[in-house]
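Join the two chains into one complex using the hints; note that each chain is given alone, in its own frame.
Protein chains in written order, with my numbering: chain A, 1 to 365; chain B, 1 to 106.
For the record, the hints were derived by calculation from the structure and aren't laboratory data.
Note that beta-carbon positions come from the ideal geometry of N, C-alpha and C, so glycine has one too.
Fair warning: there could be bad hints in the mix.
[As the list claims (entries may be wrong)] Computed beta-carbon distance windows for the label pairs:
(1) A:Thr69 <-> B:Asp82: 51 to 57 Å
(2) A:Pro340 <-> B:Ser21: 50 to 56 Å
(3) B:Lys15 <-> A:Asp232: 37 to 43 Å
[Unchecked claim] Example chain A residues on the side facing chain B (calculated, C-beta under 10 Å, incomplete):
(4) Glu48
(5) Asp126
(6) Ala276
(7) Arg326
[Unchecked claim] Which bits of chain B does chain A cover? Going by a derived footprint, with three or more residues having C-beta under 8 Å, they are:
(8) 9 to 15
(9) 68 to 77
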Amino acid sequence: MAQKGPVIHYSGHQYLRSRLVLSILSGKSLRIEKIRSDDKNPGLGDFEISLLRLLEKITNGTVVEISVTGTAISLKPGIISGGSLVHDCSLSRSIGYFLEPVILLAPFAKKPVQLTLRGITTDQNDLSADLIRTVTLPHLQLFGISDGLELRIKKRGAPPAGGGEVQFLCPIVKQVKTLNFVEPGKVKRIRGIAHAVRVNPQFSNRMIEATRSILNRYIPDIYLYSDVYKGDESGKSPGYALSLLAESTTSAIHCSEAVSEPGVAPEDIALRATRALLAEIQKGGCVDQKHQTMVLLMMVLGSEDVGRCRMGPPTTRTIQFLRDVREFFGTSFKIVPAEPSKPDSLQLTYSCYGTGYVNSNRTLA
Amino acid sequence: SNRSFGRRRRKDWMKLIYSTSLTPEQILTHGKDDDAMEEDGEENEDEDDFFHIKKRDDLSKDEELDKTKETIKEQHLKKWEDEDVLESIRNLFITGEDIAQGEDGA
Chain A
1 MAQKGPVIHY
11 SGHQYLRSRL
21 VLSILSGKSL
31 RIEKIRSDDK
41 NPGLGDFEIS
51 LLRLLEKITN
61 GTVVEISVTG
71 TAISLKPGII
81 SGGSLVHDCS
91 LSRSIGYFLE
101 PVILLAPFAK
111 KPVQLTLRGI
121 TTDQNDLSAD
131 LIRTVTLPHL
141 QLFGISDGLE
151 LRIKKRGAPP
161 AGGGEVQFLC
171 PIVKQVKTLN
181 FVEPGKVKRI
191 RGIAHAVRVN
201 PQFSNRMIEA
211 TRSILNRYIP
221 DIYLYSDVYK
231 GDESGKSPGY
241 ALSLLAESTT
251 SAIHCSEAVS
261 EPGVAPEDIA
271 LRATRALLAE
281 IQKGGCVDQK
291 HQTMVLLMMV
301 LGSEDVGRCR
311 MGPPTTRTIQ
321 FLRDVREFFG
331 TSFKIVPAEP
341 SKPDSLQLTY
351 SCYGTGYVNS
361 NRTLA
Chain B
1 SNRSFGRRRR
11 KDWMKLIYST
21 SLTPEQILTH
31 GKDDDAMEED
41 GEENEDEDDF
51 FHIKKRDDLS
61 KDEELDKTKE
71 TIKEQHLKKW
81 EDEDVLESIR
91 NLFITGEDIA
101 QGEDGA
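Next up, chain B with everything else stripped away, as it sits in the complex (with noise of 0.2 Å):
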């Protein structure tokens, strides 16, 4: 389990999930400090539910709505206005070539 390939290790999403008691948020925001994330997490379900600090979005920050469309965050869109990055998904359109090592899709 501790081959990595590259720089990133791919999430376990099935673990992650399914075997886990990591908040969505934790494993969204889980990094390469897999092992030390996960223990974190465990531990959390050993500790006493009743004398809890409240933390998180209990009181200080606003409500997190049910909604299905994400925000629309401008500095990600930032980059839409450069011309080569316009030019970058070219080949994700019908018209476009096919990058050499991309796959054709048929």
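Looking at chain A on its own, in the form it has when it is part of the complex (with noise of 0.2 Å):
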């Protein structure tokens, strides 16, 4: 097939979410070979599949070519029609793994995103149902991109087994703001959510009791929900979870999670998040390492403006992405200390010039 236009390469099986959404944005075509070709399964997984065939929904005239050893990839990128729609995941991944990608390419969608997603809602790797409702979701609000965005979680489901379905729904907008986010502020209230499914509904209270017994030493603003779930919504195995955030008097936000493991008593999965979340204020800055790229990508798409943000190191990831995001869009970050004058400090201060990326699939009003 003739492409036409600049096409991106790559090589290997690391990164491909971040790349599939950045070729989608930018317009860009994209290959990837040697996808796991020296591997005992060599090419995409199921989930990678899965989540091809998800973009392909959400999207319209997208080109995907797979190879027959699936070891490489084509694609040429469609418009983001978004829209009312229904997917599958597969149950090698949670939901978080389809639907993190797709919540960074709804708001720029002809129309609004109204996705139900089936399959795991909470697993030890990607960022569960709950965390997306409540800490990633909050993160586009930063964007301006807020009134009606939502995520209803359905019916649990814990994994192997899955049976859990969210809905995502989001809203479109014409250009995303630039973002100035450098005072993380004092934490002011703390906040979790505890879920239990086919298990002894106590699980839950366990947990609380045990969180609280750690965080009531701090502020008073506590509120720990036990999210009862019964019958046909808790899906389809047992399992449970604690998922916590801690919110800042500017609206930072950090998060842990720990999820339930066999011979592992409740209070231990508790302690485990709460103490991960003591970590993650004490690291601090203004958006934490799950949300990093996300952030820089809003960023890219902003105004043409400055937009600046306080963070912490990148990780692995963030540092594949930022070479990645100059590759599509030619912007590059300027990254400085964010206290100079501290020499212990690890906060970084990320800025770069807004792209005044415009929603151009938006149907005019």
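Below, the structure written as structure tokens:
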């Protein structure tokens, strides 16, 4: 097939999701080769193929070609069409794996996205439906994407069998706002969601009590919610988890989560989540590691002005993302110590000049 | 460029990210021996691509998942069992006092 315009080439399975997102947003074609070509299971995994199918649904005119061996793909992006969609996610990854890239595309769709995803709602690897709802989506609000933004957890689904269902509703925007987020503020409240499906429902309360035993010392504004799902709404497998978030006076959110493991008591799961939250609070910054790439991408797409954000050091994913962003959008970030006078501070200020990205898919009013 | 402040020299993130061919993993493990590492990185660029011996995560190690949630490492959380450590972050909450030289945030 004749490709028009530039094609960006990569090798290997890593960073697939962000590369697909960058390709679709920039309109630049993508070719990835050597996808696990030396692995005992070569080529794309079922979850990656499931993701490609989902991206085909949310766009119009996207051409995806997968080589016979599955070790190479070409993607020629179409427009982000959005609308009302349903997708059954592969059970080898949780819904978060699929939803994360969609969240980055949906604001720039032609029609508002109403996406139903079925599968696993919480696992060890991906952001759970709870964290996406309470932490990830509020990050979009920083960029002016807010009215009608919602994630509904209709049914929970623990691994391995899943059975969960969420509905993601996202408004469309013409442009995203420039970010200027450099004051981390101080933690003013803590929120949490404990859920337990197909196990003793008391597990939620036991997790909440264990968490309070540590957190009560810090602030009075703590609300930990025991989220009960019964019958068909509780999915096909047993499991429980505690998701926590701390919100600061400047709306910086730090979060943590711990998920049930065989042979570990609910109290210990709760303590794990609680201590992980304290570690996140101690790391500081305005945005946590989990949301670095999302925030950086929205800064690149921001209006033609200098956006700034204070965060910790980049993760490996973020480093590669910064390099990939430069390939697709030509944007590089200025990254300097946020507190030059404090030699021990790891905090950095990331700034870039927004590309003034305009949602050209959006139907003109 | 030989000036170094205190024990640890700050990473030049922009240079490491945009002007070297170090892998993201190498950038993060990049320690005090900046210059030695960078030379390594730059040499890699010139290596012949065809006759590489497979290294790193190719065969021996389990694949690193494309995942957003960091694995919680139990040993890193151990310190939070200590009362003094719990108290040490009190200043990060609205109810806590500012530490003497700490910034106010306002």
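Hints, one by one, checked against the model:
{"no.": "1", "hint": "A:Thr69 <-> B:Asp82: 51 to 57 Å", "verdict": "holds (53 Å)"}
{"no.": "2", "hint": "A:Pro340 <-> B:Ser21: 50 to 56 Å", "verdict": "violated (28 Å)"}
{"no.": "3", "hint": "B:Lys15 <-> A:Asp232: 37 to 43 Å", "verdict": "violated (56 Å)"}
{"no.": "4", "hint": "Glu48", "verdict": "holds (9 Å)"}
{"no.": "5", "hint": "Asp126", "verdict": "holds (6 Å)"}
{"no.": "6", "hint": "Ala276", "verdict": "holds (5 Å)"}
{"no.": "7", "hint": "Arg326", "verdict": "holds (7 Å)"}
{"no.": "8", "hint": "9 to 15", "verdict": "holds (count 4)"}
{"no.": "9", "hint": "68 to 77", "verdict": "holds (count 8)"}
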